Amino acid sequence: MSETEPTTPQPEPEPRRLTRSTTDSMIGGVAGGLGRHLNVDPLAIRITFVILVFAGGLGIVAYLLCLLFVPTDDPSAPPVKWGLARTLGAGLLAVAALAILLPDWAWGPAVPLLAVAGAIVYLLIRMLRDDGGTHAARVAARIAIGIVLVALAVGGLVAAAAGSALGGGIVIAGLVIACGVGLVGGAFRGGARWLVVPALVLALPLGAVAATDLDVRGTWGERTFRPGTVAELERGYEMGLGSLRVDVRDVELPPGRTDLPLEIGMGEIQVLVPDDLCVTTEADIGMGAFDVGDGEQGGIDLEVDEGGRVEPGVPELHLVGDVGVGALFVGNEFFDRHGPDRWRDSDFDTLEAGTNRVACLREAA
Amino acid sequence: MTPRPGYDPASLVAGVIVIALGGLLLLDQADVLEVSAAYMLPAVLAAVGGILLACGLAGPPRS
Numbered sequence: 009m010s011e012t013e014p015t016t017p018q019p020e021p022e023p024r025r026l027t028r029s030t031t032d033s034m035i036g037g038v039a040g041g042l043g044r045h046l047n048v049d050p051l052a053i054r055i056t057f058v059i060l061v062f063a064g065g066l067g068i069v070a071y072l073l074c075l076l077f078v079p080t081d082d083p084s085a086p087p088v089k090w091g092l093a094r095t096l097g098a099g100l101l102a103v104a105a106l107a108i109l110l111p112d113w114a115w116g117p118a119v120p121l122l123a124v125a126g127a128i129v130y131l132l133i134r135m136l137r138d139d140g141g142t143h144a145a146r147v148a149a150r151i152a153i154g155i156v157l158v159a160l161a162v163g164g165l166v167a168a169a170a171g172s173a174l175g176g177g178i179v180i181a182g183l184v185i186a187c188g189v190g191l192v193g194g195a196f197r198g199g200a201r202w203l204v205v206p207a208l209v210l211a212l213p214l215g216a217v218a219a220t221d222l223d224v225r226g227t228w229g230e231r232t233f234r235p236g237t238v239a240e241l242e243r244g245y246e247m248g249l250g251s252l253r254v255d256v257r258d259v260e261l262p263p264g265r266t267d268l269p270l271e272i273g274m275g276e277i278q279v280l281v282p283d284d285l286c287v288t289t290e291a292d293i294g295m296g297a298f299d300v301g302d303g304e305q306g307g308i309d310l311e312v313d314e315g316g317r318v319e320p321g322v323p324e325l326h327l328v329g330d331v332g333v334g335a336l337f338v339g340n341e342f343f344d345r346h347g348p349d350r351w352r353d354s355d356f357d358t359l360e361a362g363t364n365r366v367a368c369l370r371e372a373a
Numbered sequence: 002m003t004p005r006p007g008y009d010p011a012s013l014v015a016g017v018i019v020i021a022l023g024g025l026l027l028l029d030q031a032d033v034l035e036v037s038a039a040y041m042l043p044a045v046l047a048a049v050g051g052i053l054l055a056c057g058l059a060g061p062p063r064s
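As you go down the protein sequences, you meet chains X and S in turn.
So for the first sequence, our numbering puts the first residue at 9; every next one is plus one.
So for the second sequence, our numbering puts the first residue at 2; every next one is plus one.
Derived by calculation from the structure, the hints in this document are not laboratory data.
All values reported here derive from a predicted model rather than from experimental measurement.
Take the hints with a grain of salt, since some may be wrong.
[To be verified] Computed Cβ-Cβ distance ranges for the label pairs, DEER-style:
#  : chain 1 : residue 1 : chain 2 : residue 2 : range
1  : X       : L157      : S       : L54       : 39 to 45 Å
2  : S       : E35       : X       : E319      : 32 to 38 Å
3  : X       : G315      : S       : L58       : 31 to 37 Å
4  : S       : G24       : X       : V205      : 18 to 24 Å
5  : S       : A21       : X       : E341      : 31 to 37 Å
6  : S       : L54       : X       : M34       : 25 to 31 Å
7  : X       : G264      : S       : V17       : 50 to 56 Å
8  : X       : R234      : S       : V17       : 53 to 59 Å
9  : X       : W228      : S       : P61       : 43 to 49 Å
10 : S       : L54       : X       : D49       : 34 to 40 Å
11 : X       : L26       : S       : P43       : 45 to 51 Å
Heads up, the beta-carbon is just placed ideally off N, CA and C, and yes, glycines get one too.
Using the sequences provided together with the hints, build the complete structure.
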């Protein structure tokens, strides 16, 4: 006869408490703690946080809240004073500035794409981590991860360039500095070289935008203006992106200089003038080309100063141009660019070489 | 002299370079400085080169 051993009462399991992980931590252990608490791979949590950053900064806010209110799993661990200050300051400043400067950034169309990319990266990394895959599968997975990461980097570069050109340059520069501060701080905690990648993804396009003074805020498309009075001319014209065409052939210019301010962030400016009009030009072109009657020239950081002596009393049209990336042309006929080289062909007649110079030196009637 | 455990000089140098580049970009974007392409593009290239050099000289990060 067997005796049944008395069963010892099992103690009630302690309710699992959400804590930040000190063993699985990249910044503050939030993702590691959440993953442990929810029994979910922390990698998936990290990718989700990154994706939510592009949803109006929700990822940053959520992370900061967890950092503030979720305790660490090791009470003896020193408090994360430096990390908290850095993350809180940079994160809140970035979200606030982005919300003001780039309202369309919130819940932009990039979020679904990022979600898909994040899911692919997660699955591929899981494949690599699990040792069951064949060698070929692991190589294929690595290649695929590389392609997705390159695509994400290119997307980040394009987004940073667009954000810079749309007026978010200060925010992006601030984020670059925040990455630098993170690198310096991380240097004393084992290194944080991975921050170099987001820093460069943000800094490189911003540097290009800053170098070319590109600013595409404002109107865009193809616009043709035919001013009828000198006052309209002197007010000038500006566009963000596209083709700005100004036909001044119907304007009766008074004796002396009449300024025509023209500005475009990215695109082309075409100005139509009569052959016998004295035209002088003063323009800054970040990157591109110009042809104001003396042949085409191009390059980076161009300063156009096509002036010279003008006889007193001669009606003079003085173009004051500002082109971020693009071209400035002065001619007798508008042209349409239908391909990369079409603007070089005979569709467009620039001023006959020297015509405007002769007009400037002609004695006033 | 043995380096301190947990200290990564490459991150420190890269961080200083990134902060300097970010500061230059910030000043330019805030219209405090007018940095032309002739200076901005070399500055960006120098920053990338400096970071690569620092990481290369420091070797792989210690775990």
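Each hint tested on the structure:
1. Distance hint check for L157/X and L54/S: the Cβ-Cβ separation is about 23 Å, which falls outside the suggested range of 39 to 45 Å.
2. The hinted window of 32 to 38 Å between E35/S and E319/X holds, with their beta carbons roughly 35 Å apart.
3. Against the hinted window of 31 to 37 Å, the Cβ-Cβ separation of G315/X and L58/S comes to about 52 Å, which falls outside the hint.
4. The hint said 18 to 24 Å for the Cβ distance between G24/S and V205/X, and at roughly 20 Å that hint holds.
5. Taking 31 to 37 Å as the suggested C-beta distance range, the pair A21/S and E341/X does not conform, at roughly 49 Å.
6. At roughly 26 Å, the beta-carbon separation of L54/S and M34/X lies within the given 25 to 31 Å, and the hint holds.
7. In this structure, G264/X and V17/S meet the distance hint of 50 to 56 Å, their C-beta atoms being roughly 55 Å apart.
8. Between R234/X and V17/S the beta carbon distance is about 55 Å. The supplied range of 53 to 59 Å therefore holds.
9. Judged by the Cβ atoms, the range 43 to 49 Å given for W228/X and P61/S holds: they are separated by roughly 47 Å.
10. For the pair L54/S and D49/X, the beta carbons lie near 36 Å from each other, so the given range of 34 to 40 Å is met.
11. In this structure, L26/X and P43/S meet the distance hint of 45 to 51 Å, their C-beta atoms being roughly 50 Å apart.
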